[in-house]
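From the two separate chains plus the hints, produce the assembled complex.
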Amino acid sequence: MGCKIRTPEGRTLMTIVEKILARASGQKKVSPGEYVTARIDMALMNEMIRLIQPVLSKAGIRQETFRLWDPERLVVGIDHRVPPTEVPFADHQKRSREFAKKLGIKYFYDVAGGVAHQFMVEKGHVRPGELIVGTDSHTTTYGALNAAGTGIGASEMTYVIHMGELWFMVPETLLFEINGTLPDLVYSKDIVLYIAGKYTTEVAQYKAIEWKGPVIDAMSIDGRLAMGNMSVELGAKFGLFRADKKVIDYVKARTNKPFTPVEPDPDAQYAQTYRIDGSHIEPQVALPHSVGNVKKASEVKSIRIDQAVIASCTNGRMEDLEIAAKILKGKKVHPDVRFYVAPPSWEVYKEAMDKGVLSTLLDSGAMIGNASCGFCTGYQGVLSKGERCIAATPRNFKGRMGSPEAEIYLASAATVAASALKGEICDPREVL
Amino acid sequence: MATIKGRARKFGDNVNTDAITPSDVLHLPTEELKKHTFRPIFPDFPNTVREGDIIVAGTNFGCGSSREGATAVLKELGIRYIVCDSMARIYLRNCVALGLYPVISKGVGHLFNEGDDIEIDLDRGEVNNPKTGKKAPFKPISGKLKEVLDGGGILPFLKKITEETSKPKQA
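Keeping their order, the protein sequence lines are chains A and B.
Under numbering that gives the first Met the number 0, the first sequence has 398 at position 399, and the numbering climbs by one with no breaks.
Under numbering that gives the first Met the number 0, the second sequence has 134 at position 135, and the numbering climbs by one with no breaks.
It cannot be assumed that every hint is accurate.
Claimed, not checked - The calculated label-pair distances, taken between Cβ atoms and stated as ranges, are:
1) B:27 - A:384: 15 to 25 Å
2) A:362 - B:155: 58 to 68 Å
3) A:257 - B:165: 32 to 42 Å
4) A:385 - B:12: 20 to 30 Å
5) A:199 - B:77: 32 to 42 Å
6) B:26 - A:334: 32 to 42 Å
To be verified - These stretches of chain B come out as covered by chain A in the derived footprint (C-beta under 8 Å, 3 or more residues):
7) 64–72
8) 84–90
9) 151–161
Just so you know, these hints were derived from the structure itself, not from any lab.
Glycine included, each C-beta is placed from N, C-alpha and C at the ideal position.
Next comes chain B alone, as it looks inside the complex (with noise of 0.2 Å):
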């Protein structure tokens, strides 16, 4: 896989699951769950998110619940990158199962402000600003996670092995 190149959107530590999806809107269809992402800490969020942007944040992202929809909803914006210094480990499995990628590499969330270039280079597992050159290495994913994740989560994976297992068996 080529270099992944995207915008950073840049956020602090401990960004919880109630900051990325308050609870008052929760129950809400995911168009206008939408609308609310990040409210209590980047309310312009949802407004100037484009395709392809890339989180990029500090400490213990996605801390508290183990509520899906945290997840879910970053991946309905056009999210598939987070990088960060560390990831809450609910979070970090939920990514996987939908299919974001997890890029995880302490410091890295310093090296980036709001809006620069950011190049992630999956093969080397290294982290660029190009801006400042600055570089961050990290763990790419592999094996049967990167399976999962490169067909896009963990359901299109069952859809492929129901489909498999309901054909007609020959006896």
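Okay, chain A solo, but in the shape it has when bound (with noise of 0.2 Å):
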């Protein structure tokens, strides 16, 4: 386990990210509001790759020059458009591929990996303890597993892969404390959108998450994924949990590096501290057109739907992939509805088809996509004008699946399978 900063006084006081900024940046100790200079751990690239070779050639940097600081550090994955319905896409994946080649990235996942932030965590690319950056703003995905995952820009990541480094400023870090147990049919996800609809998506401008408390124990690795996935829309940097036995197991089932979890110490300085009771949440709809303008689903009446969405690096693992055929076992999605399901990798969609979970949601009438970001991010099964889509993914931004007059509500994967059953917005718990 980490070493514990001691002050001279001998108390010790740093929060998780400030104590994986201060290793990175070589510093005893590091204070929020500080600028330090990191050395990165891991860095992820999506499509965003091709735009590296004309930012070099616009910054007059020639290629010859420039090189990856370390190929076992850099990821490429091709995920956004996946597989490319139009000529210009295809070719956006052409130059991504011939442009990795080039560059002799090791580790690189073309359209059949799946979502770069599940295949990332699956694969073994993430641990505790790191600092990991990507060109996509749900990196903060990686604090699921005790990583400090942030998003950053195609030209600071041009900068990344050829110094291995990267400025930051210390963030304050908020402490999220989810006492009590989450009833029946309330995932994560019902807590982020309950935190977002409480306290606004700015709640954590600038500031770094941490998770804790009995909730975040018993919760699932799926459920911390999709949690850390949404720190983000809170405004987050980062969204950190520990790393207990749960994730030490995860990731040492995946990888054979080593790697040191960091706890936070025991006074560590919270700018603030919210204690939420879990056992109070309820199932939870972000209605249109932000993320925190969130109502129960209970409250959210006669509101008709024509599709349903169970996709994105936000939900569709395992966990959910279960409960939504837990709940339409031997049942069948409501006829006016279109009920799309993509599981976010590979590996998940065959564990699904093993366990029988694909073919008990292919006879409710659901329609089973590829893993990629097609479904989230209006590539794939877009919305037509006035059209209602219930979504468990991350973002309802007015156009972003599609028509701008379409209206996208998000749940968590439950009262999304529940939705689609009842053909209208409602609390699972009226259906299991």
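Structure, rendered in structure tokens:
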């Protein structure tokens, strides 16, 4: 385990992110507000890799002088417009592929890799205590495995893959303590939506979140991944969890590389502590067009839906597919609803197939899609003007899934499956 | 560095990356994209912008996607400073990476109207409206970030490094 840093008074004072940034910048202690230059442990690029070449030529950097700082620490995946439906996207992917080859990318996941934030954890590229950057805002997902992950832009990534370092402002940390026990059919997604509704989507702007408490301890890795992922929807730079036995077991089963988990010090300084009684959280729904526009599912009455989606880097993992199958077993999705389910990786897909979960969903009338970002980002299953969709995905911004005159409602996989069955938005406890 | 002077171009709160660079034109070349800048909220902006204009906005400027084009296009239009109450995290990073100076000061958005003269004292960390005499303090950027900004962003910085490291080495 990581050694504790003590002040001269003998008191220990650092949060998880402070310890990770201190270690990565070669310092004994760092404090919020301080700028540090930190070594990057892992970097993830998606199709954005195709932008590196033009970025370099625009900046007048000769390509032969540009090289990877460490091929062991860079992962590239093609996940957004998969499979491509138009020639320009096929061109982007071709350029990404060619450039990845030219640069000598060792860990390259082509279209069959699935959603990057899922294969990153599945293939052992995310390890506790590490600092990870990605050209995607949902890089915060890795906090579930005690890794500090955050999103950056293409120019900064160009710098990172040559230099292996980047500047950071050490963020303040918010502590969210979720106490009690979650009621049946309430999931981590509901917790984040509840917080977004109560404290706004800016509650953690520039800050790190640490998630703790009995509800978190009892939560599955799948649930924590959804929560780390959604931390960015609260404005957070990082959404971190401790590395308990579940995390250690998950990671050890996927990599032989050594790692050092990071615990917060017992008297670490938090900018604010929120104590939430998880026992009283009910299934939540974010209404159009903001993640913070939240109501209890039971209060959303008579909202007829045309489409239901379980997919993306937020939801669609085994836990989500299993509850959807449980809700829909032996039943049929409402005839007016198109129900799309896309597991985020082929590993999840296969497990769901082997367990008969996909078969149950197919029998209920679901269409099973391929592993990609498509259903969440408006490349697959787009909505027409005036249509309504309930989605177990991260964002409901206007126009994100097609027509700007369509409406997107966000919820857990359980609430989405129940709503698909009923044809209108409902609390999953009404149907199970 | 002396005081920066310019003309304030006024925006409100939560200007998101889709409002800066609408997603239906995002794939266009920069020259085309420039013509659509701020189309949903300030359609006349591309026709009236002048080199050296200064963006003045409220809270959470640049929220939304991590797309760098939303920052790059402002630089292409001659903007070098963005003065606002607060800025979304990834947008702030992209500003520094591309050499745009973020001047962040709570309440500063209310001190200016569209077209007002604006002065930014980068040494003292003060924004001034010479017409009203109202001032707002800010924390000037220092250290390595300032080095990056002064050099025009992270890529000129990288260029310097690659040129130095690619020089023939003596054993």
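>> Three residues or more, CB to CB closer than 8 Å: is that satisfied between the region 151–161 of chain B and chain A?
In response: This one holds; 9 residues, not fewer than the three required, reach chain A with a Cβ under 8 Å.
> Is the gap between the beta carbons of residue 362 of chain A and residue 155 of chain B within 58 to 68 Å?
Replying inline: With Cβ atoms ~59 Å apart, the hint holds.
>> Assuming the hint says 32 to 42 Å, is it satisfied by the Cβ distance from residue 199 of chain A to residue 77 of chain B or not?
In response: Holds: the Cβ-Cβ distance is about 34 Å, inside 32 to 42 Å.
> In this structure, is the beta-carbon distance linking residue 27 of chain B and residue 384 of chain A contained in 15 to 25 Å?
Replying inline: holds, 24 Å
> Within 20 to 30 Å or not, the Cβ separation of residue 385 of chain A and residue 12 of chain B?
Replying inline: holds, 29 Å
> Holds or violated: the region 64–72 of chain B covered by chain A, criterion of 3 or more residues with Cβ-Cβ distance under 8 Å?
Replying inline: With 5 residues close enough to chain A, the hint holds.
> Counting residues of the region 84–90 of chain B that have a beta-carbon nearer than 8 Å to any beta-carbon of chain A, does the count reach 3?
Replying inline: This one holds; 4 residues, not fewer than the three required, reach chain A with a Cβ under 8 Å.
> Between residue 26 of chain B and residue 334 of chain A, is the Cβ distance one that fits in 32 to 42 Å?
Replying inline: holds, 37 Å
>> Within 32 to 42 Å: is that where the Cβ-Cβ distance between residue 257 of chain A and residue 165 of chain B falls?
In response: Given about 33 Å between the Cβ atoms, the range holds.
In terms of the numbered hints stated before, the structure departs from none.
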